[in-house]
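A.B. asks: Sequence order for the protein chains is A and B. When we follow my numbering, the leftmost residue of the first sequence carries the number 50, and every step to the right adds one. When we follow my numbering, the leftmost residue of the second sequence carries the number 50, and every step to the right adds one.
A couple of the hints might just be wrong.
Copies of the same chain look alike in the list, so a pair counts if it works inside one copy or between any two.
Computed cross-link-like contacts, BS3-like style, restricted to lysine-lysine with a CA-CA straight-line distance of at most 25 Å [what the hints assert, rightly or not]:
(1) K319 <-> K411
(2) K297 <-> K259
(3) K382 <-> K285
(4) K382 <-> K404
(5) K127 <-> K390
(6) K186 <-> K285
(7) K204 <-> K186
(8) K364 <-> K319
(9) K124 <-> K285
(10) K411 <-> K390
Read the hints as simulated data drawn from the structure, not as lab findings. Remember, predicted model here, so these are calculated numbers, not experimental data.
Take a look at the letters that make up each chain.
There are 2 protein chains.
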Amino acid sequence: MKTRILFAFIMMAFISLEANAQQALWGAPGIVSPEVKEDRTVTFRFQAPEAKEVKISGDWMPAQGWTPGSEVMTKDDKGVWSYTTNALESDLYSYSFLVDGTKTTDPNNVYLIRDVATVVNVFIVGGGKADLYQVNKVPHGSVTRRWYDSPGNDKTRRITIYTPAGYETSREKYPVLYLLHGMGGDEEAWIALGRTAQILDNLIAQGKAKPMIVVMTNGNVAQEAAPGESSLGMYKPSFQLPNTMDGKFEETFGDVIQFVEGNYRVIAEKKGRAIAGLSMGGYHSLHISRFYPNTFDYVGLFSAAIIPDAKMTSKVYADFDETLKKQMQNGYKLYWIGIGKTDFLFKFNEEYRAKLDGMGMKYTYVETEGGHTWTNWRVYLSQYVPLLFK
Amino acid sequence: MKTRILFAFIMMAFISLEANAQQALWGAPGIVSPEVKEDRTVTFRFQAPEAKEVKISGDWMPAQGWTPGSEVMTKDDKGVWSYTTNALESDLYSYSFLVDGTKTTDPNNVYLIRDVATVVNVFIVGGGKADLYQVNKVPHGSVTRRWYDSPGNDKTRRITIYTPAGYETSREKYPVLYLLHGMGGDEEAWIALGRTAQILDNLIAQGKAKPMIVVMTNGNVAQEAAPGESSLGMYKPSFQLPNTMDGKFEETFGDVIQFVEGNYRVIAEKKGRAIAGLSMGGYHSLHISRFYPNTFDYVGLFSAAIIPDAKMTSKVYADFDETLKKQMQNGYKLYWIGIGKTDFLFKFNEEYRAKLDGMGMKYTYVETEGGHTWTNWRVYLSQYVPLLFK
Numbered sequence: 050m051k052t053r054i055l056f057a058f059i060m061m062a063f064i065s066l067e068a069n070a071q072q073a074l075w076g077a078p079g080i081v082s083p084e085v086k087e088d089r090t091v092t093f094r095f096q097a098p099e100a101k102e103v104k105i106s107g108d109w110m111p112a113q114g115w116t117p118g119s120e121v122m123t124k125d126d127k128g129v130w131s132y133t134t135n136a137l138e139s140d141l142y143s144y145s146f147l148v149d150g151t152k153t154t155d156p157n158n159v160y161l162i163r164d165v166a167t168v169v170n171v172f173i174v175g176g177g178k179a180d181l182y183q184v185n186k187v188p189h190g191s192v193t194r195r196w197y198d199s200p201g202n203d204k205t206r207r208i209t210i211y212t213p214a215g216y217e218t219s220r221e222k223y224p225v226l227y228l229l230h231g232m233g234g235d236e237e238a239w240i241a242l243g244r245t246a247q248i249l250d251n252l253i254a255q256g257k258a259k260p261m262i263v264v265m266t267n268g269n270v271a272q273e274a275a276p277g278e279s280s281l282g283m284y285k286p287s288f289q290l291p292n293t294m295d296g297k298f299e300e301t302f303g304d305v306i307q308f309v310e311g312n313y314r315v316i317a318e319k320k321g322r323a324i325a326g327l328s329m330g331g332y333h334s335l336h337i338s339r340f341y342p343n344t345f346d347y348v349g350l351f352s353a354a355i356i357p358d359a360k361m362t363s364k365v366y367a368d369f370d371e372t373l374k375k376q377m378q379n380g381y382k383l384y385w386i387g388i389g390k391t392d393f394l395f396k397f398n399e400e401y402r403a404k405l406d407g408m409g410m411k412y413t414y415v416e417t418e419g420g421h422t423w424t425n426w427r428v429y430l431s432q433y434v435p436l437l438f439k
Numbered sequence: 050m051k052t053r054i055l056f057a058f059i060m061m062a063f064i065s066l067e068a069n070a071q072q073a074l075w076g077a078p079g080i081v082s083p084e085v086k087e088d089r090t091v092t093f094r095f096q097a098p099e100a101k102e103v104k105i106s107g108d109w110m111p112a113q114g115w116t117p118g119s120e121v122m123t124k125d126d127k128g129v130w131s132y133t134t135n136a137l138e139s140d141l142y143s144y145s146f147l148v149d150g151t152k153t154t155d156p157n158n159v160y161l162i163r164d165v166a167t168v169v170n171v172f173i174v175g176g177g178k179a180d181l182y183q184v185n186k187v188p189h190g191s192v193t194r195r196w197y198d199s200p201g202n203d204k205t206r207r208i209t210i211y212t213p214a215g216y217e218t219s220r221e222k223y224p225v226l227y228l229l230h231g232m233g234g235d236e237e238a239w240i241a242l243g244r245t246a247q248i249l250d251n252l253i254a255q256g257k258a259k260p261m262i263v264v265m266t267n268g269n270v271a272q273e274a275a276p277g278e279s280s281l282g283m284y285k286p287s288f289q290l291p292n293t294m295d296g297k298f299e300e301t302f303g304d305v306i307q308f309v310e311g312n313y314r315v316i317a318e319k320k321g322r323a324i325a326g327l328s329m330g331g332y333h334s335l336h337i338s339r340f341y342p343n344t345f346d347y348v349g350l351f352s353a354a355i356i357p358d359a360k361m362t363s364k365v366y367a368d369f370d371e372t373l374k375k376q377m378q379n380g381y382k383l384y385w386i387g388i389g390k391t392d393f394l395f396k397f398n399e400e401y402r403a404k405l406d407g408m409g410m411k412y413t414y415v416e417t418e419g420g421h422t423w424t425n426w427r428v429y430l431s432q433y434v435p436l437l438f439k
C-alpha cells in the first residue's frame, strides 16, 4: 500500500511539473487548435487577451498579389481569439497567426514544417487526396538520413533515403526514384513538405505503386547538408545559394547514383531508374537525364524551372539539342511534365513542350489548376509514382 | 546572351517571390536572432512595433518556483525588441518570447524542438560541453526511423536507430545501446532533445567511445509512434499516457531486442548490450535489466524515476529483491546512476542506493548540479557512453 501512495505522489509531481510549466509558458493548456471537423471546416483558437487584433493567414486563402490572404479572428470574453473556415478541400495546409501585425506560430499545434527560412504550422484535412499524405494503418517504409561521399564536390554530403516496407528482409532488387527539391530546399524538403514517405507507403499498400526506393538529395552542392545539419551550425537559411543551377549538381550526380547502387539492393539498370524534381529540381532532372542520356527510363518535371542553355560555361548545358535527341533516340518509357495554369514558369514550360513537339520527343503532359506550390507538387508526385517501373 | 537575360529574369522572379512572401509574412527579413557571439553572449531580436511589452524566457534564467524566468526586452525606434545575455556556459538552450503575455516562437530562428506538447526555439553555445552537441567535421552515422513488430503489444511500432559511421560497409558486429526516454517523450526525444547522433558521432570520432548502435524506442506501449507519426494523425500530445509504468513495456522489451538482433549486425550477447534511460526511462532500464537479469552488461539510470514495487499486479515488479540479487550474481560491468542535487527524484535515488549498498550491489554514482533537465541528461549520456563496451 505504501508503495502505491509513493507512486501516486510521484505521478502527481510529474503531472504538476508539466502542467505548471505548460501553464506558465503557454497560458492555455486547454485550448485545441486547429480543430479539424467532420464537415471539413477547421476552427483555430489563440489566447491573446492583450492583443488589439489577431489575424490568421492560411495558404487556402486567396493571396492579394504577393501578400498572403488573411482573416480577422474573433475574441471571446476569455481573451481567446477564434476563426472557423468554410469546408476545405482535402489537402495539407499551413497557416500563421498575425498578432497586431506580428507573425507567430500556433502554440497549441506542435506540427510545424520549415520551408527555407520560414516555419509554419500545418494540418491535414482528409477525405480526399490528402488521405495519401496521412499516416495510415499500412506497412511503413524506413526513412534514413545518412551521408555519402561526393568526390566530384570534394565533400561528404547528407541524403535522405526512403526504403519501402519489406526492403530490409527481402532479397529482391528494387527500382529507385531520385527525387529532387526546388530552390531553397534541401534533403529535408520532400520528406517534410512533400510527405513522400506517407504517399509512397499508401500508394504501395493500395497496390497502385511498385515498391521502390526514393532517394532525396541535397541539390545545393555548396552545402554539405540542410541548415542546422552541417558544421556550419544553426544559421539562418537563405533562399539562393551559389552553384545551384550552374551544372555542378548535374555533373556530379553520378556520385549519388554510384553511392545508391553501391549501398542498396537495387535494379542498377535504366529500367530501374527514375528521376523527378520540382522547380529547380525539375530543371536538374531535365539536365541530368540529358547529360546521362541513357540512364533513366522515367523522367518527371514538376513545375520545372526550364531555362535552356542558361549558362553556357558548364559542359552540362553544351549540346543541349544534340544530347536531348540522343536521350530520345536511346529511348525511355515516360517523360512526364506537370505544371499549374497560373505558375510563373508556365510559358517556359509551354516553349519547352513546343521544342519537344518540334523534334518529335514524346511526353505526357498534365496541366492543373494553381501555381508554384507544394499543393501541386504533392499531387504530381502522387500521379507520377504509379506510372513508374510498370 | 538572350538566354542569360532570361536566366536573370527567372532568378529575379524567384528571389522576389521569396523576398516578398517573407516580407509580407514575417516583416523582418533582415533580422538575425539569436546571434551567438564569440564571447558567449547571445543577442535576441524580435520585431513587434505594436507590442507594449516583449519578454524573453530562456531555460538559462533562474525559475521562480514553477514559473520560468524571463527578462524584459528593449524596443528600438524601428519597433525591434532586443535582449543580450551575459556570457552563457556552453550548452544547448531553449527560449520563447512573451508578447504582451502571449508566448511566441522566434520567427528568425528556424530551429525548434518539441518537448511533449511544447515547441521551443533552440540554439547552441559552443566552446565547452556543447561542442559534443554540434555537427562537426567528423564521420557521421545514419539515423533511421523504421517500424518493428511487437507481438507482445499486438502492434507495429516506430523506432529510431542510430548506426555509427562505417556500419553499412563494415563486416564487424557492433554493440548496442538501448536508450529510453522519459514520461511525455517518444522515439523522437533522444535524437532531438538529447542530440544523440551528434554526441555519438563526436565521441566516436575522438576515440572516446566505441562505435555502437543506439536504439531509441517508444516507451509508451499504448502508442504505435510519436504524435503525428501514427494513424491517430496530428493530435495535441499529452504528458501522461496509459500503460507507461505498469510493466507492459518492460515485459515486451524482448520484442525490441529480437527485432534489433534479427535485423542488425550486432554482438548478440550480454557483453554487447547496454541499456540506459532518463526519468521514466531510468525506471524502465532498472526493471528491464532486472526482469531480463542476465542480458545487459551495462545499465544507466539518468535521474531515474525509481519507485520500487509500485504496481504489484505486473509480474515485472514481482520478486524485486530476488531478481535484483540474481542480476548482481549474474554479474555486469557497469551499473551507472546519475542525478542532479535539486532533482525532485533525488531522495528516491538516495533510498535506492542505500538498498544497493545494503545488498552489496556495486554501482558508479555521479551527482551533478541541477535538476530534472535535458541539460543534465545530455551530460549523463556524454559521460556514460565512453564507459561502454571497453
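A.B. asks: A separate judgement is required for each hint: does it hold in the structure or not?
C.D. replies: Cross-check of the supplied hints:
no. : hint          : verdict
1   : K319 <-> K411 : within (18 Å within a copy, 61 Å between copies)
2   : K297 <-> K259 : neither (31 Å within a copy, 37 Å between copies)
3   : K382 <-> K285 : neither (42 Å within a copy, 45 Å between copies)
4   : K382 <-> K404 : within (19 Å within a copy, 71 Å between copies)
5   : K127 <-> K390 : neither (45 Å within a copy, 40 Å between copies)
6   : K186 <-> K285 : between (37 Å within a copy, 20 Å between copies)
7   : K204 <-> K186 : between (39 Å within a copy, 10 Å between copies)
8   : K364 <-> K319 : within (23 Å within a copy, 57 Å between copies)
9   : K124 <-> K285 : between (34 Å within a copy, 22 Å between copies)
10  : K411 <-> K390 : within (21 Å within a copy, 72 Å between copies)
Of the numbered hints listed earlier, those contradicted by the structure are 2, 3 and 5.
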